[in-house]
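S.K.: The lines below spell out each chain.
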Amino acid sequence: QKEVEQDPGPLSVPEGAIVSLNCTYSNSAFQYFMWYRQYSRKGPELLMYTYSSGNKEDGRFTAQVDKSSKYISLFIRDSQPSDSATYLCAMPRDTGRRALTFGSGTRLQVQP
Amino acid sequence: GAGVSQSPSNKVTEKGKDVELRCDPISGHTALYWYRQSLGQGLEFLIYFQGNSAPDKSGLPSDRFSAERTGGSVSTLTIQRTQQEDSAVYLCASSWRLAGGTGELFFGEGSRLTVL
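Residue numbers (this note's numbering), protein chains in the order written: chain Y, 1 to 112; chain V, 1 to 116.
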């Protein structure tokens with residue numbers, strides 16, 4: 001079993017839709033959770049991070065962590081064509097928190 | 001620019017040849033990472049450098065892969081006797097705080113390696 005599982009998509013939605021992106025993980029010791037966004041032919045960039053359980057909101061983006069289910073989600077409200085990218089969840093590789101383990105990424109296409 | 005710089009952006013080589021990929025991190029960032037991204041795959045951790053500490057090489061897939069970081073700045077990833085399965089985008093990232101905490105990884109645009 002991979003440490004971090006993510007549906008690869010692609011996910012295609014109309015502009016304005018609410019998008020839900022999800023990851024599951026196996027290591028219950030994980031405390032920090034990140035979402036990175038990667039545009040085509042570019043390096044990933046940090047979108048949001050959360051610590052432990054609960055929700056965190058930043059504009060149209062909400063990150064949610066359910067540690068009891070080992071499940072994290074990223075919600076995008078009022079999706080825009082500019083949101084079309086691959087979204088990768090990430091968690092620390094180990095307790096030292098020095099490097100990250102990434103999910104395989106979900107490719108999102110927002111249709112105008 | 002002030003971002004992470006990688007070269008070459010594209011490299012085509014023949015099976016069995018050696019290749020070197022270069023990364024110039026953001027000035028002042030003490031941590032440097034190499035990741036590999038194969039088609040349709042997530043990012044696979046390769047190696048991590050932090051200051052003068054011994055690097056974490058636990059992600060290197062074979063002894064054909066090696067990396068060094070000179071003067072705490074520029075890093076070179078070397079792949080010897082390349083194989084077709086080495087074809088991927090090699091991404092370098094740097095950070096100044098723990099990536100697994102509130103630190104952020106800043107990635108370059110990657111070096112796309114194709115082994116024929």
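These are computed hints drawn from the structure, not numbers from a lab.
All figures in this text were calculated on a predicted structure; none of them were measured in a lab.
Please note: incorrect hints may appear among the correct ones.
As the list claims (entries may be wrong) - Okay, derived cross-link-like pairs now, DSS-like style, lysine-lysine, Cα gap no bigger than 30 Å in a straight line:
hint	chain 1	residue 1	chain 2	residue 2
1	Y	Lys2	Y	Lys67
2	V	Lys11	V	Lys57
3	Y	Lys67	V	Lys15
4	Y	Lys56	Y	Lys70
5	Y	Lys70	V	Lys57
6	V	Lys57	V	Lys17
7	V	Lys11	Y	Lys70
8	Y	Lys42	V	Lys11
9	Y	Lys2	Y	Lys42
10	V	Lys11	Y	Lys67
11	Y	Lys42	Y	Lys56
12	Y	Lys42	V	Lys57
13	V	Lys15	V	Lys57
14	Y	Lys56	Y	Lys2
15	Y	Lys70	Y	Lys2
S.K.: All hints are to be evaluated individually against the structure, with a verdict given for each.
M.R.: Taking the hints in turn, this is what the structure says about them:
1. As the CA atoms of Lys2 (chain Y) and Lys67 (chain Y) are separated by approximately 17 Å, the hinted pair is consistent with the 30 Å bound.
2. Annotation: proposed proximity of Lys11 (chain V) to Lys57 (chain V) holds, straight-line Cα distance about 24 Å (limit 30 Å).
3. Of the supplied pair hints, the one linking Lys67 (chain Y) and Lys15 (chain V) is violated, its CA atoms being roughly 45 Å apart against a limit of 30 Å.
4. Between the alpha carbons of Lys56 (chain Y) and Lys70 (chain Y) the distance comes to roughly 17 Å, so the proposed pair stays at or under 30 Å and holds.
5. Note on Lys70 (chain Y) and Lys57 (chain V): the hinted pairing holds, with a Cα-Cα distance of about 28 Å set against a maximum of 30 Å.
6. Distance check on the hinted pair: Lys57 (chain V) and Lys17 (chain V) sit about 22 Å apart at the alpha-carbon level, within 30 Å; holds.
7. For the suggested pair Lys11 (chain V) and Lys70 (chain Y), the alpha carbons sit about 39 Å apart, so the restraint of at most 30 Å is broken.
8. Distance restraint check for Lys42 (chain Y) and Lys11 (chain V): the Cα-Cα separation of roughly 16 Å lies within the 30 Å cut-off, and the hinted pair is therefore satisfied.
9. Among the hinted pairs, Lys2 (chain Y) with Lys42 (chain Y) is consistent with the structure: their alpha-carbon atoms are about 25 Å apart, no more than 30 Å.
10. Distance restraint check for Lys11 (chain V) and Lys67 (chain Y): the Cα-Cα separation of roughly 42 Å exceeds the 30 Å cut-off, and the hinted pair is therefore not satisfied.
11. A distance of roughly 26 Å separates the Cα atoms of Lys42 (chain Y) and Lys56 (chain Y); the hinted pair therefore holds under the 30 Å criterion.
12. Between the alpha carbons of Lys42 (chain Y) and Lys57 (chain V) the distance comes to roughly 25 Å, so the proposed pair stays at or under 30 Å and holds.
13. A threshold of 30 Å between alpha carbons decides the hint, and for Lys15 (chain V) with Lys57 (chain V) the separation of about 24 Å falls inside it, so the pair holds.
14. Note on Lys56 (chain Y) and Lys2 (chain Y): the hinted pairing holds, with a Cα-Cα distance of about 26 Å set against a maximum of 30 Å.
15. Our distance criterion of 30 Å between C-alpha atoms is met by Lys70 (chain Y) and Lys2 (chain Y), whose separation comes to about 13 Å.
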